[in-house]
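Chemist: With the hints as constraints, model all of the structure from the sequences given.
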Amino acid sequence: IQMGLAENQLCFDMVEQWMNNNPSASICTSQGARGFKDIAIFQDYHGLPEFRNAVAKFMGKVRGERVKFNPDRIVMAGGATGAHETVAFCLADPGDAFLIPTPYYPGFDRDLRWRTGVQLVPIECQSSNNFKLRIEDLESAYDMAKLNNVRVKGLLLTNPSNPLGTILDGNTLRSIVSFTNDNNIHLICDEIYSATVFDKPDYVSVAEVVDEYLNNANDDGEGDDGNSNGPRPTLNLDLIHIVYSLSKDMGFPGFRVGIIYSYNDVVVSCARKMSSFGLVSTQTQHLIGSMLSDDDFVDEFIAANRRRLAERHRAFTGGLAEVGIRCLKTSNAGLFVWMDLRRLLKEQSVEAETALWRVIINEVKLNVSPGSSFHCSEPGWFRVC
Amino acid sequence: IQMGLAENQVSFDLLEDYLEKHPEASSTTHNFKENALYQDYHGLKSFRQAMASFMSQIRGGRATFDPDRIVLTAGATAANELLTFILANPGDALLVPTPYYPGFDRDLRWRTGVKIVPIHCDSSTNFQVTKEALQSAYNEAVSMGLKVRAVLITNPSNPLGATVQRVVLEDILDFSVEKNIHLVSDEIYSGSTFSPDEFVSIAEVLNDRGSIQSESERVHIVYSLSKDLGLPGFRVGTIYSYNDAVVTTARRMSSFTLISSQTQHLLACMLSSAEFTENYISKNRERLRRRYEMIIAGLRRAGIECLEGNAGLFCWMNLGPVLVDPTREAELSLWKLILKDVRLNISPGSSCHCSEPGWFRVC
Chain A
1 IQMGLAENQL CFDMVEQWMN NNPSASICTS QGARGFKDIA IFQDYHGLPE
51 FRNAVAKFMG KVRGERVKFN PDRIVMAGGA TGAHETVAFC LADPGDAFLI
101 PTPYYPGFDR DLRWRTGVQL VPIECQSSNN FKLRIEDLES AYDMAKLNNV
151 RVKGLLLTNP SNPLGTILDG NTLRSIVSFT NDNNIHLICD EIYSATVFDK
201 PDYVSVAEVV DEYLNNANDD GEGDDGNSNG PRPTLNLDLI HIVYSLSKDM
251 GFPGFRVGII YSYNDVVVSC ARKMSSFGLV STQTQHLIGS MLSDDDFVDE
301 FIAANRRRLA ERHRAFTGGL AEVGIRCLKT SNAGLFVWMD LRRLLKEQSV
351 EAETALWRVI INEVKLNVSP GSSFHCSEPG WFRVC
Chain B
1 IQMGLAENQV SFDLLEDYLE KHPEASSTTH NFKENALYQD YHGLKSFRQA
51 MASFMSQIRG GRATFDPDRI VLTAGATAAN ELLTFILANP GDALLVPTPY
101 YPGFDRDLRW RTGVKIVPIH CDSSTNFQVT KEALQSAYNE AVSMGLKVRA
151 VLITNPSNPL GATVQRVVLE DILDFSVEKN IHLVSDEIYS GSTFSPDEFV
201 SIAEVLNDRG SIQSESERVH IVYSLSKDLG LPGFRVGTIY SYNDAVVTTA
251 RRMSSFTLIS SQTQHLLACM LSSAEFTENY ISKNRERLRR RYEMIIAGLR
301 RAGIECLEGN AGLFCWMNLG PVLVDPTREA ELSLWKLILK DVRLNISPGS
351 SCHCSEPGWF RVC
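Chains as they are written, first to last, in this note's numbering: chain A, 1 to 385; chain B, 1 to 363.
Calculated from the structure, these hints are not laboratory results.
Hints should not be assumed to be uniformly reliable.
[To be verified] Computed footprint of chain B on chain A, listed as stretches where at least three residues anywhere in the stretch have a Cβ under 8 Å from a Cβ of chain B:
#, segment
1, 9-17
2, 34-42
[Claimed, not checked] Dumping the calculated DSS-like pairs for lysine-lysine here, alpha-carbon to alpha-carbon at most 27 Å:
#, chain 1, residue 1, chain 2, residue 2
3, A, K37, B, K131
4, B, K179, B, K115
5, B, K33, A, K365
6, A, K273, B, K336
7, B, K147, B, K179
8, A, K37, B, K33
9, A, K61, B, K33
10, B, K283, A, K37
11, B, K115, A, K273
12, B, K33, A, K57
In this text, a Cβ means the ideal position worked out from N, Cα and C, and glycines have one as well.
Modeler: Following this line, the structure appears as structure tokens:
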């Protein structure tokens, strides 16, 4: 049984129903075919305006309308895979490095490094604090890299996390933003699972931290609240970038809808030119543009997606608990659980984890992903989708 | 008036007609979920099979293609870049005949760090590549300390609008074997030849020479539906390689640039219909030919000659006789005049790295 693929299959009934009610969203139907030629011939790397507008609106709704996204900062890529590679090409030279907390999505080893020549410097996180990234670990990884003459260009965060299914609280996120800002390195936030947050605490996107800063900056000089200690620090927005995709939140990995959202004008411009190597099919841009412009549908979809993910998570973790298997208790997002099988290991080693994994695959016949494939520092954890 | 964009708009009625009769081509009505979830970098088998047979039909059945050697990319732009990443290291060189598609300067060089060394062609041979030109370009690369990894040709040629002659293809293949380098043939305009017999694909040349492995394993064909089918927005590119290692690597690399499964489904349906494809290919050719003849005749009446072309979506116009002097500067000032006063957007030969001033591409 395949439990190794993070796919969101929960809301296709809603999508299919929407499609039946909106035949003009497909250029292959008689209603949609009128627009066929214009769409088929459009190859401008800016993308269809209705597509960019709809994606910007969707991203805002996923964040509870707490923040607005500017459609002109939306750049297409060949899935999040293409988006990450493009951002790496834009921000780093061969030999440069990105810091990345473990455990992390194994695909990053290829996506960020293969053709770019960029390195990854892991920041090990521990189960003792539920694998949450600690500022002191971030600082020491950065210092160590510098000592080894590694040119660190940025920090890559996946929030919500794959494979943990956890989110960063606002204060930790703000501290991270301060750190990257103070050290003048980039911050890339992969928010591909942003619509899969199914439970409290509420999700805080890096876009909200940016927005907070911009609002405070506007308020500056208008009378302090009496609690501030001197001038507020300046946030260099040119260092902040978001990677997004519809592969997880909507369950459309086949459509290759990757998005780069950068607050840096030069990066937007460069990434847009690079998007020539991975544009989204206009047939798909048109479909997504139509679908995500439908406010009622989007609101229902986001709510149903959350509800169904919550139910599934509860059922699954409940079932595992019944047989004495625990999962990371702080998980409230994602399409998977981070399962703790440390007690079942013959010894606390990668070899023992791998041996256990083989037993699960060959005898229990479940395809789950071992923590070591995510560079987890502690053996015995498994991601189950 | 825009005459600088090589777009094929002559056959949309045929596409629209097909769609009207075949609602199953829309993935929204047929297995939407399965299609939306499909992200395998092998690509839909039905689509690869349809592409393989379409490519074969374009070549009049004179070459056949194995669907398992087809790697899918989001457009020929991505295909050319991907092959360059695979075949060359940063600092290496590709030899490319001039004049060539200006997009190559970015697509082949930008992120790859690879250099282009031009193979100079001129009107004395109707811009066909000669053995001397090949050797000369190779020598130039070597003298610059560059390692030559491949020759990259476009056949039919952009901007010439002419097919590469069989004997020239053989020379280029022999040269590649001799220097032990690769040969990339961008055949994006193969379905846009005006008559079915005049295009010779490198695939046919390999066949006719007995499909010798040491020859074929260095050959890679790039194709796309942007020109022949007029669907540049759909981002449908392919790499066809006779080299197993290249196929495997290209397939993995295609993860950065896959074709939307929705589009794969649509085109798999369309291109599997032999009735549709045969009709399309022949009507498309006919309409392109008529359009070409009309523009050539019109230009001739005005005393302007063009290169004798037999393919593509443009003509290669010679304004050499009208130049103030045979220099790039004179060509550019003539171009500015045409742009501003005559209000026609056409492409000057220098943007295509043509070594002979005075030529312009008119779409």
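Chemist: Which earlier hints turn out false for this structure, listed by number in ascending order?
Modeler: 3
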